[in-house]
Every structure is written in C-alpha cells, then in structure tokens.
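What follows is the residue order along each chain.
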Amino acid sequence: MKTFKIYILAVSLLTAGACKKDFLDTEDVTTATEQNFYKTPEDGFKALVGCYDGLQQVYDNGIAFPVAAEVMSDNVFGGTGNSDGFGYQMMDEFEKLRSPADNNLFGDGWAAYYRAIFRCNMLISKMDQINWGANAGLRNTYEAEARFLRAYLYFDMVRLWGNIPLLIAPSRENIPQANPEDVYKVIAEDLKFAVANLPATAYTAQSPATYGRVTKWAAEALTGRVYLYYTGYYSKPDLAGVITKSEALGYLENIISNGGFGLVDNFANLWPVSGSSYAGEDNKETIFAIKYTYTSDFNGNTDGNHWMVMNGIRVQSIPPYGMGWGAATVNPKLWNAYSSTDTRKVASIISIADEGLNFTNKKDQREYTGYYTKKYTPLSVDSAGNANSVTNGKGIGSFQISQFQDYVAIRYSDVLLMAAELGSPSAQSYFDQVRQRAYKANFSSIPATQSNIMAERRLEFAFEGIRYWDLLRQGINVAASTIAESTTVQNGEVNTAKTISASKVIETKGLVQIPYPQITLSNGVLQQNAGW
Amino acid sequence: MKTTNKRKLVFLWAIFSWLFLGHVTYGQEIKVSGKVTGADDNLPIPGVSVNVKGKQKGTSTNVNGQFAITAQTGDILVFRALGYQLEERSIGNISVIDVSLKAEVNNLNEVVVIGYGVQKKKLTTGANLQVKGDDIEKQSSTNVLQALQGQTPGVQITTTSGQPGSGINVTIRGRGTIGYKDANGNQVNNNGPLYVVDGLMGVDITTINPADIESIDVLKDAASAAIYGSNSANGVVLITTKTGKQGKRTSVTFDAYTGTQQVARKADLLNAREYATIMNEAAINSGKPAIFTNAAIAELGEGTDWLDEMFVKNAATENYVLGVQGSSGASVYSTSLSYTGQEGVVGGKSLSNYDRYNFRINTEHNLYKDIIKFGQHLNFVYTKNNGIGVGNQYNNTLRGAFTTSPFLKMYDDAGNFFNNDISGVWNRGEANPYAEMVYNNQNRNNKQNLFGDIYASVSPIKGLTFRTSFGFKYESNEGRAFFPIYHLSQFSFRDKTSANQSMGKNRTLQFDNVLSYKFDLATENHFEVMAGSSSISTNESSMFGSNQNLIFADLEHAYLTNATGRDGSVINLTGSPKEFKQLSYFGRVQYNYKERYLFNTTLRADASSRFAKGHRWGYFPSFSAGWVATNESFFANTRNWLDFLKVRASWGQVGNQNIAPYQYLAPIQLTTTNYIFGTTEGVLTPGAFPKRLANEDIKWETSEQTNIGFDARFLNGKLNSSFDYYIKNTKDWLIAAPILNTAGADAPVINGGDVKNSGVELALNYSSKVGKFNYSVGANGAYNKNKVGNIPTADKIVHGDVNLLYVNALEFYRAENGYPIGYFRGYKTAGIFQTEADVAAYRSTSGKVIQPTAAPGDVRFVDRNDDGVISDADKTLIGDPNPHYTYGLNFSANYKGFDFYLLASGVAGNQIIQSWRNPSSSLGNYSAAILDRWHGPGSSNRMPRVTEDNRNFAQISDLYVQDGDFLRISNVTIGYDFTKLLNKSYLAKVRLYAAALNLFTFTKYDGMDPEIGYGEGFSSGVDVGYYPRPRTFMLGANIRF
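Heads up: the protein sequence lines correspond to chains X and W, in order.
Counting from 1, one number per residue, gives the positions in the first sequence under the working numbering.
Counting from 1, one number per residue, gives the positions in the second sequence under the working numbering.
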C-alpha cells in the first residue's frame, strides 16, 4: 500500500510539467513584431522614419551613388590608394578585366536599396492595418512620403543597373528583372501620388524642424529629373505614359512660382568649406537632401555621411581639408573647363598647387592629378591640424563614418535649369539667374540653348552626382565620346597611362555590374548586364 | 531486519560447527590481524573482504580498515575490494599482515556515467569514454577542457586565444553545423557539446576547478547522447564532482602549484635594417628611386621589436586547493576551497589576467536504511578577469605589433608614449601598438556563479529507485571599462574619456524526476528500465551603459555616475530580458543476457520555447547492441591472451536547438533606426522597420549517427584497446541561409544544409611493470572527414564574411556542397615568374597571355578554367581548417617514490590561414618570411617580389595558407613522494613535483602557436595575430592527511 502511494507520487511528479499548458510560452517583451506593430498612427510615423533611415543608409557601404556617378563621368578618375584593389578603376574605365575578381562591386548598394524599398513597401502595404482614427489625413501624407522615397530609390537603381527586379510589395520570391519602362511607370505614379497628396507649403512657411521631410516640391522636382533622364536615355516621348512633358514643366514652374525657394547669393556658400559664410544645411536652395549627422558609430548607428571620406585627400589632413581615401581625383579637364571668372571653379575644386597645399602623401595616391573634389570633402576643424574631430569637439566618431554634410540631391538651380531645358517661356531668365550667381560682375548673357544649358549644368553640378546622367541622357554615343580619355596620371608618384575607351562605355550602355553573388543565388533568374 | 539477523545466526552457527566440530585440520591455527590501506592515498579501506583461499572462511575490514581472522600457516589470504587489484598473502608465522591495495586500472567492473544513471563499463554499447579526475588534475591546467586535450580520441580541443580565461572550443567528431548571425550581426556558433555537471545541464564549464572533478565522461555517439535529446547533437560532456565515500575516514588534501609563464615561440618580424631594405626594394620594384642609402640603412640598428614590447617575461600562474572529504554516521561529504590565478603573457597582469575562487560542498545523507537518501551539490564560483582584444583584425590588440614598423619609437624624449601624428617622420598613420594596448584595454569583469542541486532518492523495494532533483544555476556578472584620452597617430586617438558599465543576471531552474527499476527475468535476463521527466526554465536580464567625460579619468572611477556626458548621442543605454523554457520526457531500457548479449534503447521527447507552437516537440530515439564475445564458451581458449572482447553497434538521433529565442517571429527593429530632421545636428528621430523575415516552421537541427566499435583487453589486462567507426550526419542545420537581397530583410533562420562527418578512433593503453618500475603507455588517434551537402540555396553556398583577413579582404571561407565546413578558398599559385619570357609564355590553351601585366617576381596564379583570365572562377580550395587527424600520446611511470608523466598531443591534415599584414598599406612591417622573397631570377619560386602596391598579396591565394600539423609536448611532470621518508602516521601523502606545460611544439607553421582556435563567422584556423599559449614551468605539491 505504501509502495503504491509512492508510485502515485512518482507518476504525478514525472508528469508535473505537463499540467501547465502555458509552460513553454514565452514572450519577447522588448521587441515588437510584425504582428503587433503597424497599429497606431505613431507606429505609422515610426515606420515612415524607418523608410527615411533606409534611404539614408543606401550610400553607407560599398560604392555610393554620388561617388559612382562622378567616377563614371568625365569629371573624375577612380583614384584611391596606390595599394588598393582596382575596383574603382574597373568602374571608371567600364572594363571588367581591370579587376576580374571584383564580382560584387555594387553588392552592398544593391542590398541596401532593396532593404530601403522593403521598408517602404512594408509601410505602404500596412496602411489599411493602421487605425488612423482622427488622423485620417496623415495616411495620405505618410503614403506620399513613402512612395516618394520608393521612387527616389528605384530611380537611383534603374539608372545604375538598368535592369532590376521590381517589387511594389514585400516578397521573398525569386523575381526576374523588370522592363525599365515598368520601373519608370512605378516611379512616375509614385511621384504623381506624392505631388497630389503633399501640402503646398512654401519653403518660407515650413517649420524648420521638418526640414528633410519630403515635400510636394521635392516630388515635383524629382519628376522633372526623372522625366528628362527617361525620355533622353531611352528616347521616349513621355515618362512611361504617366507624365507628359508639359506636366513635368508645369511641376517645375509650380516650384519656381510657389515653392518659396531661391538661389543662395554666393555659390561658394553652398558648401561647408566656406566656413563662417556657409549658408547652412536646408538653406533656401535645398529642394531635397539626404540628411546626415555625426552619430554614426560601429555599434549599429549609421546616421553619418559614410561616402564623403572617399573623396578626401589621400590620408593627409591639410587644413581646412580633412583626410580621406583619395578616390575621385579630379580630371584637370574639368578644372580647365571653368573660366577664371567663374566663382564655381575654386568653390568646386581643390587645386593642390594653386592653394599651395603641402601634400606629401603622393606615394600612397593612385591616379593623382593635383585636383580633388571640394564640394563634398572631409574637413579638419581641429586647430592642431588633426583631421579627426569631425564632430567639432564632441570627441566621438570616426572620420570615416561621422562626416555629417548632407547630400543635397536637388538644388533650386537644378529646377531652374530643368525648367529652362523643358522649354519654359522664362527659360532665358532662369538660365541667366544661375549664371549671374556664378559669374557675379563678370556675367554676360548667352542664349539658353540646349547645348549651353548642358555645358552650364556640368559646371554648376560638378561632383553632385548629376553630370554622368546628363551625359547618358544625351545618348550613349555622346556620353561615350565625352567620357573617353587618354592621359597620364601619377600612381604612387610614377607616371602612368590612363585610358578610358569609348567602346567600353557603349558596350555596357553606361550601366554597372549586377552583383554576381545575387545572380548565382537567383540560380540565373537574374541576368548580368552586357560587358560585365 | 529480523530475517537477516536470523540468517546471520544460522550462518555463524554453521561456521562454528564447521570449525570446531566436523573438520579435520592440518597445520597450526594462527590468529592474523592487520590493516588494509589504499596504495595511492594510504587511507584505510573499509569493507575489504578477506578470505582464506580455497576455504569458505572469511571476514571483512572495519571502518578503520582493520581485520582479524584465524587461519593456518601456509594458508593464503585473499583481499578483495571493488575498484582495487586483488592481493594475496601467504601466512607464515607473522600474526600482523598490513596490506596496501592498488587501485584497479581499467577495471571492467568500473562504472561510467551515462546520463540519468550509471552503467558498468563492460556493458556499455555506445561510444563513450571516461577520464578520471586524477588524469585531469595531472595536467595542472586552469581549465577543465584544456586538461582533456590529448586524452580523448575524437575530441578536438582548441582555445580561441592563449589569453587566461579564454573560451575553449570543443569539437566532438568533427564540426556539425555552421551557426548563424544574430540580429546584431554577431555570429552564434552552436557546435559545442552539452555540459552536464552532476546532472545539471548547461553549466559554464570554465567555472570548474579541475581539482573538484571525480570523472569526466564524454558521450560521443548519438546512441549515448540521445538521452539528452535536443541538446546533444554535438555530443555531451558529463562531469561528476567529488563526493565522500561511505565508511571512509576524513581526509584532508592540500594541492598547490605555482609557476611562471613565457611566450614559447615569438614570431620573427623584420628589424629596422631589414625593413628599410625591403622598403627600398619595394620602391625600386614600383618604378621609384630607393628611399634609403646603404649607409643610412647601416646606421639604423634593430629598431623597436614590438612583439618584445607586448610580451612580459614572467607571468605568474598559481593554484591552491584545500579539500576535505569523508563520512560521518549516515552522511558523506566532500568540500573544497580553491583559488586559481593566471596572468597573461601579453601585457601582463594589469591588462590580461584571470582569477577564480571556487567553493564546493557535496553531501549525501542516508536518511533511512538505504531506502531514503537525500543530498546536495553546491558550487560557488567567483571569477575576475580582464583582457586585451583577441578578436578580428580591428579588435585584435596583438595585431598592431605585427604591422607597425620597427622605425617607430616607443617613447618620446619626455618618456611619454610617442605621438606619431605630431612628430612622426616615417608613417604618421601608424601608432605605438603597446600604447594602444594600454589605452584601449582597461577593463575589469567579474561574475559570481552559484549552482547545484538538492535531490532525494527513494528505493522502496529492491531495484526500484525514484530520484527527484531540483537544480539551479545563478549567475550575476559585472563589467566595466575605461577609455582615456590619448593621441598616438592620425588614426589612433580619443578626444573624450568614456566608460562602459554592464551588469547581468541569469537564473535557471531544472526539475528532474527519474524512476528506475532493475530486475532479472529467469535470472539470466537482466533489465534496467528508466523513465523520467525534466523541465528547465531560464530567466535572464542584462543592462549596459556607456557615457563620456569622466570626472575622474581612471579605471578605478569608471562608473556611469562619474560620467558627465549630457549629449544623448554619446550616451548608450540598453537593458533587456531573455527567457527560455524546455520540457522533456525520456526513457531507457537496458537489457543483457548473462552479460553476453547487450541491448540498450532510449527515447527522449523535448519541447522548446525557442520554436513556434506546433513545432516545439522533437523526438530522439536510439538503439544500440553489444556482444561480449569473450563470454562465449568457444572463446575460452583465447583467454591466455585475450581477456575481453566486446563488439558493439549503435544508431541514434540527437538534436540541436541552440538558437536565440523568437527566431520564428519577424521582429521590428526600434533601435539604431533614426533619421535627422531639422537643422540641429545630433538630434535624431527614432524610426522602426521589420528587421528579419519570419519563419514559423523552424524546428530542431538533427544529427544522426551510426557507430560500430569494439573494446578489447589483452595480456592479462596489460593492453587495452578501443576502436570506433562512425558516420555522423547532421542535417536541417539551423542557419540563416542567404536569401536574395530583393527580400529586403535579414534572412530568417531556417532548417537547411547538412554535413557528414565520418571517421575512426582508436585508443591503446599498455601498462606493466618491471620490478618496482611501473609504467603505462597510451596512444590515441582519430581520423575525421567533413563534407557539406544540401545547402538550401541555388548556388549551394553559405558565404563567409568579407573583410576578415585584412582591410577590404574578400571572402575566403565557405560552407559549400562537397567541401569541408569553412574550407579556405582562393587562387592556387604555381610559382613565380622568373623572367619576362615566363610571363609571355604563360598562356591559356587558346594562346591568350594569362597575366599580361605581371612582371618577373610576380606570382603565377593558376588559370583553372583556362579562359586566359585570372578571375573569381579560378578560385578553389586552398586549405581545410578541419584537422583530418587528431592524436594524443602519454607515458607515465613510477619507481619507488618517483613518478614521471608525459603527455603529447597533435593534429595533422589541417591548414592555417595567416594574415598579419594589410596589403592595402605599403608601409606595414613584414614577417621574416619575406626575406626569402624573389629578388632576381632563380632567387625564389615561392615568395614573390615586394612592391608598394602589394599586388601579389592583394588577392587571397595559397600564399596565405600553411600546414597546421603539429605535435605538442603539452605536459612533462616529475614528482617524488616523500611520505615514506617522513613516515608520519598522519601524513598520507607528501608529493612534490615539477612540471612543464606546453614545453615544445613540433610544427612547420611559422606563427607563434599552431593551435589556432580562432575564427570569425564560421571560419576556423585563422591567424590574424594570435595570442599564443604560454609555456609554463611550475612547482607543485600534493599533501594528504
């Protein structure tokens, strides 16, 4: 009997765990999940900020779009350190054999763009799940911003790679590359939605705390840029059947009439290197900027301008310039293209000789030309001459990732020149405004012809990631012959021939390599671009 | 009770009648008495049976080991005790016979621990092995696992670095899985075994002092490990700590050693003259004039030897253990108090140090006549440590010493660390690596671990036992770091002081209930059945904070309260909980027929909170069988040379669930997701996004293993052998398999990919004696082959990380179908171009010059696909980090009071990838291997010429790979036992010894230590500046009262 009781006890102890059905249920109390998020307008805003963060991160790793666009253009060479790999040369010369092992040169960017697009797609697909309540108006605003960001991302991508998988909703499927026209259709429709749903608040009326948010003006300006590129590069009469030329021009005219923007008086003051006279970020000429700050660290915070360090003078700080990796060395032809009376010349380019800079690290610089980018270059603010305290005494951050100069994606002068190019009745006035600012007292009017406008755009937008696309939209042959180069540069102080052949530009159609690891991972569903 | 007494009376009466009434006796009756003690500890042995040979006459020793028996002259007394060798003494005229019994080695009646029970060694049917505490203690190692090295065939043990307290990697029968990256991008490796200490699962093994260990049992095959189900895919290590023995007198032990450690082999780097010569040559080879004149070089001297600066000459190590064990009444106890300290050979005590204090008490109380027992294990461990960076190229303190030029000075004229940015003349980018070590590694960490259990067992009827135990583990930890202001170069500086502080705690409760029953059917069929349940619940929470601008700028004051930073962007605060639960049921049936035919089967069912509902339960069966051939009558005629032969076979499935919780959900990332709106720098608006894709379907990783082996004893037990052949298939890996970027989020953890490990293991041991010279020779070896399959991606590859070997390095390791895990991938080289003609002649089949830009002295890469271009498609296997062979050798001997011990271990068939230098910098120092470079036709066909752009090293090729074979003399000990000389009754043992650890290593590898346990991601065998294991010379003592 006693034994029997022990058996009962034993069996009940053995099965003790089974009594509690919820024993195995645990909850992660510090992490929201896709199931319990996207409920309130606040969640919606957070998710929207996540989309902006996604945009901000696309240039963080690998070769950033603004750097790539300049290297591939006729403005700069690949540069970088004399012991580095030849990826930048491969990109600069459109020549796979320059660095045959580089099969993932744009892999980081490709991944970052799709991560950002995923965030936008996810938010857009969750709009109905959010209980907007009394804030119904926010829904359209948030959707408009998310769709603008998606359009911005796809426009970068479709220009770089040409042939990309198109997702307008989150998907894990193995998706083949879309016809570019379909991508542009999505871009155009997204922008059109943004233009229609964002308030027409003039820059002058905008709360400074919201600078950086997508505006109606940004959507209109980007539409103009997309229109010009698509109709030019693909020789099409309109923007994928969504936006006509007159609509595009109408958008731009609307910005000029109602946007409240204007040109900063001195061109040089657009750039932080102008020091105390710097017009500052989010000035009246900024239509849209990707904003950066100095809080990047190596623990997951990526809020800084991670790409500007590439442009810096090769590992030597020469006040006021900070050090960088010496990529994108400026082609002397660009320096010579500016007339001496053009204030943009010295505002845009660092000339080692003309500024009397004691650059002693040529031995470590590849494709040295004597000129560096000035608009986007690290600065040294430390009076001791150390190029490191990018955060102005906060003592945090690395010069590589904590640069905080915003990338001004669209300036008002671009709106003026695009409107002029699209045949605005005020074309000559717009064109003159831009040139007057540049030449100041030495200004003399020239006609606003297509070729004059294109020449002016080269000088106005050097190093802003615009020139290359301006070349391509004039046709691949024009681009190829302009980019083709045969000259001499110094690699580690040794004179070296530098050749970019037009045929390579034509062969690749100016597109970059699709990341090979993605092609293999797709089991061949993704196709490599010609020439790569 | 009454019956027993009656029986005793009857028995005594029978003896008396036989003695005095019926028997005719020869010889002379003599009363013999004496004392039986253990040969190794001189402690009395109670319960030894003392019989007169050939006669049914006998007695047994009392608690003090004493006996008294009457016998006749000429009789032989036989002394028998479990665990001791049989001893016979003939009776002369002496009436006092003291006997010293030797412990039985390799006794097949020994029991081994098998998980929720024990089993006679001769009846085991799986592949498990036992290492005795004595053999662990002999190693004089601070770490239990380190002490297993070389003693356990099929178990590969490496340390992630030679830093005291460093993590230990234990790989049983080859790597079974590749792990995955967690939400923060940190690699989670889950290929280590399960550690069970006195039944408590998942104990941090580094907290145990080797001196506390009674035995370690390693369950290698799935059939043995399956009783631990989902936690045992990579094998199980069972540790039993010392307990008192019933009837044994109290013994007090004191063990101590103290030693000094040095770097065993220092890497050879260029001195200033050699460095200048190479820099000159690189400049000339790059089309530039020489930098230094010969006269200038001659004046340079040696320059700074940075490795010398980093290493300390005499780093101390010490260990003291005071133990008391014994029994009292119905209770047995064992308790110990110990201290272990080890200083690091890099940087010395203030930068690299480990201190551990252990307190342990184990007791068991017989509450009621062997029917109800109750006891507990309790361990308290306090660990303090601090250390330098031993991680990747960016977090490896030693690496700086390899790359910094010998031109750089240690101190400036004022005696401060040299600031190269202000007064540097050669390379202002390089910083004093010793100063960097001092500035960046000021940290102190400590943790307290309390673990143990309380258990009770009830045996109401013979053979039936119910055991319940309530186990717990508690850990609290704390860490602090201080970062001072400094300026050493234009890249190496800090402008603000800052401090980190972290705290965490973790508690686990484990409730086990086991019912077991032993019974015989028809006397020859012996059964042992067991059924049980186990539930585990873990709760964890941790906090971390960092801030800037300390009021007092030193480590002592590095607490967050002293940090005055008020800028949100410089303050980092996190805190989060973690929870895990597991519920398990298990059972086992062991059967044998006459101990001749053996059969064992187990089944375990586990449910884990790590998986989504509906995928939580996993079932892990095993079967094994054995045949003790020598128990068959037809083997009778082999007994003169073959004592024992058992053939065994097993099959089983075990699981792995070792992933972070909630991997099945799609988390929304809310941290580090910010954007700056407005014009004020540093003010961020927080955002959110879905970080990872969900996968509700994830389930257990499964390892299936088949094992065939035999155990045999020859020559009267002198030669022991054990052999195993196994095939281990680990499938449904828990991995984050790469997904297409278009998916837009991190890859979910999925089940996919598998690896087959197959191999053989052999262990041999021969012990014998020549007169008073006893010796024992052991050798063990294992062969393993590792091959990956079924990677669930289109390209059948899980890619390795980039940027590991050097700055901007491309991928160099992978898990790929048909290859070993983490194989090294790169270009094969085929010598050096000696002349321009060589370059021109190196063509593809179609006539294309393969390396048109190469110059004489450049390396010739193999164009494997013969397309005339060296491209990614030409990369192939250039090395395998997984050893094909692991082996160990040991020799021990004693002669009178002297003892000698030697242990050696090694591996063969693996490669090491070594990268001490960044090819993206032309100015980094070289290892002396560069002195064999090409510098003219015929000067070298292996090491290419030097150039400023390092073109021959910019791609990962077999130039980076070396063979990792080595044989290490890991322990040599000589001791002498003074007990007999001192001859004091209260002294059971007084042994002094001298030992050398890591005495010498035979290897062709040119690094400081070929035994590289470091690897990032799922790579292994990666030397980016490895903290070498020290060589230790020590003196020690073992004293027993």
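Since the hints were made in silico from the structure, they are not lab data.
Check each hint, because a few of them may be wrong.
Capping the alpha-carbon separation at 27 Å, the derived lysine-lysine pairs in DSS-like fashion look like this [said to hold, decoys possible]:
id: 1; chain 1: W; residue 1: 613; chain 2: X; residue 2: 498
id: 2; chain 1: W; residue 1: 796; chain 2: X; residue 2: 96
id: 3; chain 1: W; residue 1: 848; chain 2: X; residue 2: 504
id: 4; chain 1: W; residue 1: 120; chain 2: W; residue 2: 384
id: 5; chain 1: W; residue 1: 57; chain 2: W; residue 2: 121
id: 6; chain 1: X; residue 1: 362; chain 2: W; residue 2: 57
id: 7; chain 1: X; residue 1: 362; chain 2: W; residue 2: 35
id: 8; chain 1: X; residue 1: 363; chain 2: W; residue 2: 989
id: 9; chain 1: X; residue 1: 39; chain 2: W; residue 2: 578
id: 10; chain 1: X; residue 1: 498; chain 2: W; residue 2: 102
id: 11; chain 1: W; residue 1: 578; chain 2: W; residue 2: 349
id: 12; chain 1: W; residue 1: 102; chain 2: W; residue 2: 848
id: 13; chain 1: W; residue 1: 349; chain 2: W; residue 2: 373
id: 14; chain 1: X; residue 1: 96; chain 2: W; residue 2: 848
id: 15; chain 1: X; residue 1: 504; chain 2: X; residue 2: 245
id: 16; chain 1: X; residue 1: 96; chain 2: W; residue 2: 248
id: 17; chain 1: X; residue 1: 126; chain 2: W; residue 2: 613
id: 18; chain 1: W; residue 1: 409; chain 2: X; residue 2: 363
id: 19; chain 1: W; residue 1: 35; chain 2: W; residue 2: 57
id: 20; chain 1: X; residue 1: 39; chain 2: W; residue 2: 613
id: 21; chain 1: W; residue 1: 102; chain 2: W; residue 2: 35
id: 22; chain 1: W; residue 1: 613; chain 2: W; residue 2: 731
Counterexamples of contact, computed for chain W against chain X with all Cβ distances above 12 Å [unchecked claim]:
id: 23; residue: 283
id: 24; residue: 521
id: 25; residue: 638
id: 26; residue: 783
Reference listing, derived: stretches of chain X covered by chain W, where coverage requires no fewer than 3 residues with Cβ under 8 Å from a Cβ of chain W [to be verified]:
id: 27; stretch: 48-58
id: 28; stretch: 89-101
id: 29; stretch: 125-137
id: 30; stretch: 202-216
id: 31; stretch: 300-312
id: 32; stretch: 430-441
id: 33; stretch: 471-484
Cβ atoms here follow ideal geometry from the backbone N, Cα and C, with glycine treated the same way.
Right, here's what the structure says about each hint:
A threshold of 27 Å between alpha carbons decides the hint, and for residue 613/W with residue 498/X the separation of about 63 Å lies outside it, so the pair is violated. The hinted pair formed by residue 796/W and residue 96/X meets the criterion: a straight-line CA distance of about 25 Å does not exceed 27 Å. A hinted pair counts as satisfied when its Cα atoms are at most 27 Å apart, and residue 848/W with residue 504/X qualifies at roughly 20 Å. Between residue 120/W and residue 384/W the CA atoms are separated by roughly 40 Å; this puts the pair beyond 27 Å, and the hint is violated.
The straight-line distance between the Cα atoms of residue 57/W and residue 121/W is roughly 31 Å, outside the 27 Å bound, and the hint therefore fails. Taking the CA atoms of residue 362/X and residue 57/W, the gap is about 100 Å. The hint is violated against a cut of 27 Å. Of the supplied pair hints, the one linking residue 362/X and residue 35/W is violated, its CA atoms being roughly 89 Å apart against a limit of 27 Å. The straight-line distance between the Cα atoms of residue 363/X and residue 989/W is roughly 71 Å, outside the 27 Å bound, and the hint therefore fails.
Under the criterion of a C-alpha separation no larger than 27 Å, the hint pairing residue 39/X with residue 578/W is consistent with the structure, at around 25 Å. Taking the CA atoms of residue 498/X and residue 102/W, the gap is near 85 Å; set against the 27 Å cutoff, the hint is violated. Proximity of residue 578/W to residue 349/W is assessed by CA-CA distance (about 34 Å); at most 27 Å being required, the pair is judged violated. About 77 Å separates the Cα atoms of residue 102/W and residue 848/W, which puts this hinted pair outside 27 Å; it is violated.
Restraint check: the Cα-Cα separation between residue 349/W and residue 373/W comes to about 47 Å, which exceeds 27 Å; the hinted pair is violated. This hinted pair checks out: residue 96/X and residue 848/W have alpha carbons roughly 16 Å apart, not beyond 27 Å. A C-alpha spacing of about 32 Å is found between residue 504/X and residue 245/X, which places the hinted pair above 27 Å, so the restraint is violated. Between residue 96/X and residue 248/W the CA atoms are separated by roughly 80 Å; this puts the pair beyond 27 Å, and the hint is violated.
For the given pair, residue 126/X sits about 25 Å from residue 613/W by alpha-carbon distance, which is consistent with the 27 Å threshold. Between residue 409/W and residue 363/X the CA atoms are separated by roughly 23 Å; this keeps the pair inside 27 Å, and the hint holds. Only pairs whose Cα atoms come within 27 Å are accepted, and residue 35/W paired with residue 57/W is accepted, the gap being roughly 18 Å. Taking the CA atoms of residue 39/X and residue 613/W, the gap is about 24 Å. The hint holds against a cut of 27 Å.
This hinted pair checks out: residue 102/W and residue 35/W have alpha carbons roughly 14 Å apart, not beyond 27 Å. Using a Cα cut-off of 27 Å, the hinted pair residue 613/W and residue 731/W holds, with the two alpha carbons roughly 22 Å apart. Taking the minimum C-beta to C-beta distance to chain X, about 8 Å, the non-interface status of residue 283/W is violated against the 12 Å cut. With a cut of 12 Å on Cβ distances, residue 521/W stays outside the contact zone with chain X, its closest approach being about 20 Å.
No Cβ of chain X approaches the Cβ of residue 638/W within 12 Å, the least distance being about 46 Å, so the stated non-interface status holds. Every beta carbon of chain X lies more than 12 Å from that of residue 783/W, the smallest distance being close to 33 Å; the non-interface claim holds. For the stretch 48-58 of chain X, the stated coverage by chain W holds: 8 residues have a C-beta nearer than 8 Å to a C-beta of that chain, and at least 3 were required. For the stretch 89-101 of chain X, the proposed coverage by chain W is satisfied: 3 residues have a C-beta within less than 8 Å of a C-beta in that chain, meeting the threshold of three.
Three residues within the 8 Å Cβ limit are the bar, and the stretch 125-137 of chain X against chain W gives 0, so the coverage statement is violated. Closer than 8 Å: that is the beta-carbon criterion, and the stretch 202-216 of chain X has 6 residues meeting it against chain W, so the requirement of 3 holds. Figure legend: the stretch 300-312 of chain X, annotated as covered by chain W; annotation consistent (4 residues with Cβ-Cβ distances under 8 Å, at least 3 required). Three residues within the 8 Å Cβ limit are the bar, and the stretch 430-441 of chain X against chain W gives 0, so the coverage statement is violated.
For the stretch 471-484 of chain X, the stated coverage by chain W is not satisfied: 0 residues place a CB nearer than 8 Å to a CB of that chain, which falls below the threshold of 3.
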